[in-house]
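Starting from the known structure of chain A, arrange chain B on it as the hints suggest.
Protein sequences appear in the order of chains A and B. Here the first sequence is numbered in the working numbering, starting from 1 and rising by one per residue. Here the second sequence is numbered in the working numbering, starting from 1 and rising by one per residue.
Hints are computed from structural coordinates only; laboratory data are not their basis. One should not assume that every hint holds.
Taking lysine to aspartate or glutamate pairs in the EDC-like style, the calculated list, with each CA pair at most 20 Å apart, reads [unchecked claim]:
| id | chain 1 | residue 1 | chain 2 | residue 2 |
| --- | --- | --- | --- | --- |
| 1 | B | Lys237 | B | Asp212 |
| 2 | B | Lys415 | B | Asp393 |
| 3 | A | Lys30 | B | Asp96 |
| 4 | A | Lys431 | A | Glu417 |
| 5 | A | Lys428 | A | Glu389 |
| 6 | B | Lys237 | B | Asp227 |
| 7 | A | Lys178 | A | Glu398 |
| 8 | B | Lys30 | A | Asp96 |
| 9 | A | Lys431 | A | Asp421 |
| 10 | A | Lys237 | A | Glu200 |
| 11 | B | Lys343 | A | Asp254 |
| 12 | B | Lys30 | A | Glu92 |
| 13 | A | Lys343 | B | Asp254 |
| 14 | A | Lys130 | A | Glu3 |
| 15 | B | Lys130 | B | Glu174 |
| 16 | A | Lys130 | A | Asp393 |
| 17 | A | Lys30 | B | Glu208 |
| 18 | A | Lys343 | A | Glu92 |
Quick caveat: nothing in here was measured; it's all calculated off a predicted structure.
2 protein chains.
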Amino acid sequence: MKEIRITNVRVIDLRFPTSREQIGSDAVNKDPDYSAAYCILETDAGISGHGLTFTLGRGTELCAEALRYLAQPIVGRTLSSITEKMGAFSAEVVGDTQFRWLGPEKGVIHLAAAALINAVWDLYARVEGKPLWRLLAELSPTQIADAIDFRYITDVLTREEAIALLTERRAGYEERLKHLAATGYPAYTTSPGWFGFSDEKIIRLCNEALADGWTHFKLKVGGDPADDLRRARLVRKCIGPDNKLMVDANQKWDVNEAIERTRSLSEVDLWWMEEPTSPDDILGHARIRREVRPVRIATGEHCHNRVMFKQLLQAEAIDVCQIDSCRLAGVSENLAVILMAAKFGVPVCPHAGGVGLCEYVQHLSAFDYLCVSTTMENRVTEFVDHLHEHFVDPVRIERGRYMLPQQPGYSIEIKPETLRDYSYPDGKVWK
Amino acid sequence: MKEIRITNVRVIDLRFPTSREQIGSDAVNKDPDYSAAYCILETDAGISGHGLTFTLGRGTELCAEALRYLAQPIVGRTLSSITEKMGAFSAEVVGDTQFRWLGPEKGVIHLAAAALINAVWDLYARVEGKPLWRLLAELSPTQIADAIDFRYITDVLTREEAIALLTERRAGYEERLKHLAATGYPAYTTSPGWFGFSDEKIIRLCNEALADGWTHFKLKVGGDPADDLRRARLVRKCIGPDNKLMVDANQKWDVNEAIERTRSLSEVDLWWMEEPTSPDDILGHARIRREVRPVRIATGEHCHNRVMFKQLLQAEAIDVCQIDSCRLAGVSENLAVILMAAKFGVPVCPHAGGVGLCEYVQHLSAFDYLCVSTTMENRVTEFVDHLHEHFVDPVRIERGRYMLPQQPGYSIEIKPETLRDYSYPDGKVWK
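Bound-form chain A, shown alone:
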């Protein structure tokens, strides 16, 4: 294969005015304008890599600025010099000796790192002519281990353990691939249950989702207790006793309140309670989990790195591991968490929605099923039906399941006209 060199990185601040319709509203995030710091890695081979990190509007400019800075050292490098050791590359990106102080591995800088690392993975997959899930699935266990920065997690997962796990789980790959290609990966919908929606709108959207074949539904809670319960009963009544209902408090409560509120809501038969309290509160989640059994506890969309996920697993704080494709530093750090979750036997159910998160995580779920967890049991990937029309290769959902993406890359490329019209502050949508 000809050596491909990265010649330039373009960064775009992209914002969608979603707050105008209360899309994405929850108990904490009242008025999100779904946004992204987006980058394009240009090469001397006429092929480009795309990556983004998801944000809520204001502050996207900070991620874009950090992304511009982090991208500088890769201009002029060959793609293979990066991709042969993606773990080492990740460590470089998050280890800048002066930038590191601003994290480390959290917040604005880490979000920006995710966009860059994901763009490299997208480029890598395109050059290989494979969708990302297939690129990952066809890497050897050693190559996957090379893609991971094991720093700070070797007390629960060493490189050798990761290779052994991947090697052992290889058996049955072809059957799983056939099954996945035929049936798709199970998903759940968050679209009907946003915080700002009226009861009527929730019922209408639930009924539409049922008609479309959905079996797992998530409702936003964290408001007035009586309102929460009324809305939860409404959804339960609408979807019937056999479909699954999850609720999401988006970090609204302190620990004691979370325990009380979860117990109260448990009458509607919760499949999980999501983000009951601060995303940083590992021990708080562990206590809530102990005290609200059998309700299962889910968190992760704000869990900022593998060290935090390591502890959520060690502390037995979660039943459901909600990785985020760009809160963690891209594909590489997600691989680390997927492997740790497998070691602990905790199902990975990726967070999605926003802009591009569904497009991203379908690849991670497919790889998890094919090469790591080897099962779909108790696994569902989030789906939210917004903004997919802006993508060149949008997700395909059939009867409540993600169908395997086929085009090369990480499915995250946004259409040129969208990049033009929604760029902030100069695109025509914002003028």
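Just chain B now, with coordinates in the frame of chain A:
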């Protein structure tokens, strides 16, 4: 008192080229250019409030930009409308519905929040005509509680518990104040032990520090094991058996390595081991602590919020609580951590150094002694002898102790000529 209104906020990106002399170098931060995102709150009363957040050079522009954004809503507000409920103000600053996604309460945004919140406290103290420590010490327990955002910590410290603790600890205040004014607050020096210094320079600086009356010394470790041990023996030999020696690995190691390396270094009689691993690894610190006893474990300069400190205390992960004046969101969040540490009986030994951190933390230590811990036993505040010449009211150190600041405010005001010459990229130092 006349109503004072904030009329404007100026933000300055300030950088000192410290990396040219290896000042501040450690195993992870190899080339820091001590920097600050600095703000000045201008008022209609001709009096200004000053605040900064400490950074290491590159990326300061991101904190400055975030600070400009966070400061917008306070322009036009009266000072008293903010200061009568500093806890609610803190919650507002960190709770912006779109910015919050970029944290929450961590990284660039939280560092910026610290500069703003500290500037308000500085202004408050100046208007009251008191140094910050005195302002805090003379607030009632209820007023201190009003200055704290208790969100996410009520499972270990409620507002009522905080008030009760402060009320109970009041006895003996006058005696403590007399004692503190006479003797100063105990400190330790990090100046001789930077990573990039030669053995000869370390010996020379240790001898100078001994002559100046220092009794507690910190050495940077995390390099080659044999080098670390040689350097530690060198310092121990130089300072003798009765002075205290602490070592600081600046997050260099994974958990298992940290245990081995601490055991190996323990032959020089360590008073504490600082930042042995990732600052996010609460459970890792707890395990290291259990396994290296009786060596004490210290961390906190990268502990990004009260939720993380809460868990370090709950998990019995630390013997020494190293609050940082601007990693946490300013005075208000530091008050929360100081009170939690008191409840758990863990001594607070603030992180300092950098630029302005010594000026800041002397006030927090004084308040801790006067109103919370009521003791100096096992307490030392870090001191590093760099860049104090740039401050209008620099720290005064006598025989290894911080002498009580006397001028109104939080001692963080930087001289106008420094603001001009070191501003980045246009100051003459950077041209």
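Is lysine 30/B close enough to glutamate 92/A, meaning Cα to Cα at most 20 Å? holds (14 Å)
Given the hint that lysine 343/A pairs with aspartate 254/B, does the C-alpha gap stay at or below 20 Å? holds (19 Å)
Given hint aspartate 393/A paired with lysine 130/A - CA-CA distance at most 20 Å: Holds, because 13 Å separates the two Cα atoms, which is no more than 20 Å.
For the pair supplied as a hint, lysine 178/A and glutamate 398/A, confirm whether the alpha-carbon distance does not exceed 20 Å. Distance of about 17 Å is within 20 Å: holds.
Does aspartate 212/B sit within 20 Å of lysine 237/B, going by the straight-line distance between their CA atoms? Given that 20 Å is the threshold and the Cα spacing comes to 18 Å, the pair holds.
Under the criterion that the straight-line Cα-Cα distance not exceed 20 Å, is the pair lysine 30/A, glutamate 208/B satisfied? violated (58 Å)
Holds or violated: lysine 130/A with glutamate 3/A, Cα cutoff 20 Å? This hinted pair holds, its Cα atoms lying about 18 Å apart.
Is the straight-line distance between the alpha-carbon of lysine 237/A and that of glutamate 200/A 20 Å or less? holds (13 Å)
Lysine 30/B paired with aspartate 96/A [C-alpha distance capped at 20 Å]: Within the cut-off at roughly 10 Å; holds.
Pair hint outcome, lysine 130/B versus glutamate 174/B [Cα-Cα no greater than 20 Å]: Holds, at about 17 Å.
For the pair supplied as a hint, lysine 237/B and aspartate 227/B, is the alpha-carbon distance within the 20 Å limit? holds (15 Å)
Starting from lysine 415/B, check that the Cα of aspartate 393/B is at most 20 Å away, please. Cα-Cα ~9 Å, so holds.
Hints 17 and 18, counting from the list given before, are not met by this structure.
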